[in-house]
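Asker: Protein sequences appear in the order of chains Z, B and L. Anchor point for the first sequence: position 156 equals 156 in this note's numbering, and the numbering is continuous, going up by one each time. Anchor point for the second sequence: position 25 equals 25 in this note's numbering, and the numbering is continuous, going up by one each time. Anchor point for the third sequence: position 133 equals 133 in this note's numbering, and the numbering is continuous, going up by one each time.
Calculated from the structure, these hints are not laboratory results. Among the clues, some could well be false.
[As the list claims (entries may be wrong)] Listed next, the in silico DSSO-like pairs over lysine-lysine satisfying Cα-Cα at most 30 Å (straight line):
#1 B/Lys-99 / L/Lys-103
#2 L/Lys-140 / L/Lys-103
#3 L/Lys-34 / Z/Lys-16
#4 L/Lys-16 / Z/Lys-101
#5 L/Lys-34 / B/Lys-34
#6 B/Lys-26 / Z/Lys-140
#7 L/Lys-16 / L/Lys-140
#8 B/Lys-99 / L/Lys-140
#9 Z/Lys-75 / Z/Lys-16
#10 B/Lys-26 / Z/Lys-26
#11 L/Lys-112 / L/Lys-34
#12 B/Lys-26 / B/Lys-103
#13 Z/Lys-16 / Z/Lys-99
#14 B/Lys-99 / B/Lys-74
#15 L/Lys-112 / Z/Lys-75
#16 L/Lys-18 / B/Lys-18
#17 L/Lys-140 / B/Lys-34
#18 Z/Lys-101 / Z/Lys-34
#19 L/Lys-99 / Z/Lys-26
#20 L/Lys-18 / L/Lys-112
#21 B/Lys-101 / B/Lys-140
#22 L/Lys-74 / L/Lys-34
#23 L/Lys-99 / B/Lys-26
#24 L/Lys-112 / Z/Lys-112
#25 Z/Lys-26 / L/Lys-140
The lines below spell out each chain.
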Amino acid sequence: MGVRSTKVIAEEYAVKSKLIAEGPQKTFALVFDKGEEFIGALTSFAEANGMDGSHFTAIGAFRDVVLGYFDRQKKQYQEIPVEEQAEVLSLIGDIALNKGKPKVHAHVVIGKADGTAHGGHILRAHVWPTLELILTESPKRLCRITDEETGLALIDLNL
Amino acid sequence: MGVRSTKVIAEEYAVKSKLIAEGPQKTFALVFDKGEEFIGALTSFAEANGMDGSHFTAIGAFRDVVLGYFDRQKKQYQEIPVEEQAEVLSLIGDIALNKGKPKVHAHVVIGKADGTAHGGHILRAHVWPTLELILTESPKRLCRITDEETGLALIDLNL
Amino acid sequence: MGVRSTKVIAEEYAVKSKLIAEGPQKTFALVFDKGEEFIGALTSFAEANGMDGSHFTAIGAFRDVVLGYFDRQKKQYQEIPVEEQAEVLSLIGDIALNKGKPKVHAHVVIGKADGTAHGGHILRAHVWPTLELILTESPKRLCRITDEETGLALIDLNL
Numbered sequence: 001m002g003v004r005s006t007k008v009i010a011e012e013y014a015v016k017s018k019l020i021a022e023g024p025q026k027t028f029a030l031v032f033d034k035g036e037e038f039i040g041a042l043t044s045f046a047e048a049n050g051m052d053g054s055h056f057t058a059i060g061a062f063r064d065v066v067l068g069y070f071d072r073q074k075k076q077y078q079e080i081p082v083e084e085q086a087e088v089l090s091l092i093g094d095i096a097l098n099k100g101k102p103k104v105h106a107h108v109v110i111g112k113a114d115g116t117a118h119g120g121h122i123l124r125a126h127v128w129p130t131l132e133l134i135l136t137e138s139p140k141r142l143c144r145i146t147d148e149e150t151g152l153a154l155i156d157l158n159l
Numbered sequence: 001m002g003v004r005s006t007k008v009i010a011e012e013y014a015v016k017s018k019l020i021a022e023g024p025q026k027t028f029a030l031v032f033d034k035g036e037e038f039i040g041a042l043t044s045f046a047e048a049n050g051m052d053g054s055h056f057t058a059i060g061a062f063r064d065v066v067l068g069y070f071d072r073q074k075k076q077y078q079e080i081p082v083e084e085q086a087e088v089l090s091l092i093g094d095i096a097l098n099k100g101k102p103k104v105h106a107h108v109v110i111g112k113a114d115g116t117a118h119g120g121h122i123l124r125a126h127v128w129p130t131l132e133l134i135l136t137e138s139p140k141r142l143c144r145i146t147d148e149e150t151g152l153a154l155i156d157l158n159l
Numbered sequence: 001m002g003v004r005s006t007k008v009i010a011e012e013y014a015v016k017s018k019l020i021a022e023g024p025q026k027t028f029a030l031v032f033d034k035g036e037e038f039i040g041a042l043t044s045f046a047e048a049n050g051m052d053g054s055h056f057t058a059i060g061a062f063r064d065v066v067l068g069y070f071d072r073q074k075k076q077y078q079e080i081p082v083e084e085q086a087e088v089l090s091l092i093g094d095i096a097l098n099k100g101k102p103k104v105h106a107h108v109v110i111g112k113a114d115g116t117a118h119g120g121h122i123l124r125a126h127v128w129p130t131l132e133l134i135l136t137e138s139p140k141r142l143c144r145i146t147d148e149e150t151g152l153a154l155i156d157l158n159l
């Protein structure tokens with residue numbers, strides 16, 4: 001592939017990127033107890049530890065969760081409450097600064113008793129009996145800013 | 001937010017945490033072959049390499065898998081056998097010491113031929129044709145202890 | 001467990017492994033914009049930055065995606081087009097060299113408006129309104145080679 005075509009592709013696909021670590025990073029194991037509310041507990045942990053550029057994965061189980069699906073027309077999250085014990089099959093997310101405070105953004109896939117998978121943006125969730133989370137804190141911070149078209153706080157790598 | 005309210009929140013949401021790495025960590029790529037049983041192969045790898053505090057993600061495909069859903073009443077995993085080729089869409093897990101030996105804990109989301117997603121705790125699974133796994137070994141170990149209420153071996157960060 | 005039985009297990013379960021990092025690694029945050037095609041944009045980023053051994057996770061949303069399910073009989077991906085806005089609940093993948101060029105391999109779980117989860121191998125996908133991806137580049141490269149039985153380009157850790 002010549003320089004010219006590379007340049008064309010680079011212009012077409014200009015995904016924004018930021019080097020957030022090239023040296024050692026801090027990694028934490030977090031274990032949530034029975035009954036803890038996930039978003040509140042992780043936000044509190046992030047505030048207490050001054051975290052402004054972290055990402056994480058987790059597995060475990062929820063006794064209930066309110067999933068969110070973003071409705072493009074209404075420009076808001078439609079709530080999908082799940083009032084049953086479910087395995088947390090995949091929980092992936094990040095922590096970035098929004099209006100100067102750490103904001104947790106997490107998506108989950110849950111598994112019900114029949115093995116079917118469901119999921120969404122996590123609005124609220126109660127852990128039971130455990131949630132095992134691995135969090136990596138990067139030396140560079142990530143910041144969100146409100147997107148006018150959607151009203152959502154999206155990460156802006158220039159901030 | 002004042003010091004007082006932060007303190008109240010910190011008491012309400014006292015998620016347990018442990019710094020498991022702040023310097024370099026070892027990262028391994030593992031590739032499972034056709035027919036390999038996932039839990040057995042990864043446990044054997046962990047034993048052979050003395051791993052006691054690792055976490056991983058993977059994608060690939062299974063030719064069959066037995067999913068588990070934890071039944072709160074019976075206090076045991078209900079088995080959900082899936083006897084068909086499925087994409088491994090997300091496989092997240094960790095390795096911690098349980099009674100002195102490495103124990104693999106992994107949850108999976110699989111995709112069937114119609115695109116629907118299913119999943120659970122992995123009890124057994126056979127890879128086909130490949131499974132690509134990235135494992136990070138932390139310098140600090142993680143330990144499990146049997147939880148009396150559920151009978152499950154949960155991570156205790158104080159051990 | 002005695003030495004003998006450990007040896008037997010090690011022979012039965014000889015998962016292939018490669019240490020891909022034991023020192024610092026580079027970590028990048030990538031944010032995809034409205035309308036960007038995921039596979040093209042990430043491949044272009046990998047080519048522009050000479051990436052040949054990376055892995056990543058992401059969350060966000062797609063306005064459309066073509067999922068793939070590998071058909072064992074036909075030895076090709078069956079296409080499952082999803083022409084609706086969906087949350088990206090889990091996106092996990094890696095970048096390895098295939099015939100000397102970086103190749104993106106990614107699997108996704110999406111969540112529809114009713115909270116059901118679907119997913120597969122990503123053939124094509126358009127982001128809307130954002131996709132937040134964390135990519136780790138390892139010092140050691142990963143290479144793919146065509147598997148004769150399936151025709152798929154699988155990672156070979158000996159290359």
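Asker: Evaluate each hint against the coordinates.
Answerer: Status of the hints after comparison with the structure:
1. B/Lys-99 / L/Lys-103: It is violated: about 42 Å lies between the C-alpha atoms, which goes past 30 Å.
2. L/Lys-140 / L/Lys-103: Measuring from Cα to Cα gives roughly 15 Å; hence the hint holds.
3. L/Lys-34 / Z/Lys-16: Satisfied, since the Cα-Cα distance of roughly 12 Å is no more than 30 Å.
4. L/Lys-16 / Z/Lys-101: violated, 44 Å
5. L/Lys-34 / B/Lys-34: violated, 39 Å
6. B/Lys-26 / Z/Lys-140: Distance ~22 Å between B/Lys-26 and Z/Lys-140 Cα, so the pair holds.
7. L/Lys-16 / L/Lys-140: The hint holds at about 15 Å.
8. B/Lys-99 / L/Lys-140: The hint is violated at about 35 Å.
9. Z/Lys-75 / Z/Lys-16: holds, 24 Å
10. B/Lys-26 / Z/Lys-26: Holds, at about 14 Å.
11. L/Lys-112 / L/Lys-34: Roughly 18 Å separates the two Cα atoms, so the pair holds.
12. B/Lys-26 / B/Lys-103: holds, 19 Å
13. Z/Lys-16 / Z/Lys-99: holds, 21 Å
14. B/Lys-99 / B/Lys-74: Between B/Lys-99 and B/Lys-74 the Cα gap is close to 23 Å, so the pair holds against 30 Å.
15. L/Lys-112 / Z/Lys-75: Status holds; Cα separation ~16 Å.
16. L/Lys-18 / B/Lys-18: Between L/Lys-18 and B/Lys-18 the Cα gap is close to 28 Å, so the pair holds against 30 Å.
17. L/Lys-140 / B/Lys-34: Holds. L/Lys-140 to B/Lys-34 sits at ~24 Å (cutoff 30 Å).
18. Z/Lys-101 / Z/Lys-34: OK: Z/Lys-101 and Z/Lys-34 at ~27 Å, within 30 Å.
19. L/Lys-99 / Z/Lys-26: violated, 36 Å
20. L/Lys-18 / L/Lys-112: violated, 37 Å
21. B/Lys-101 / B/Lys-140: holds, 15 Å
22. L/Lys-74 / L/Lys-34: Not satisfied, since the Cα-Cα distance of roughly 35 Å exceeds 30 Å.
23. L/Lys-99 / B/Lys-26: holds, 28 Å
24. L/Lys-112 / Z/Lys-112: holds, 16 Å
25. Z/Lys-26 / L/Lys-140: holds, 22 Å
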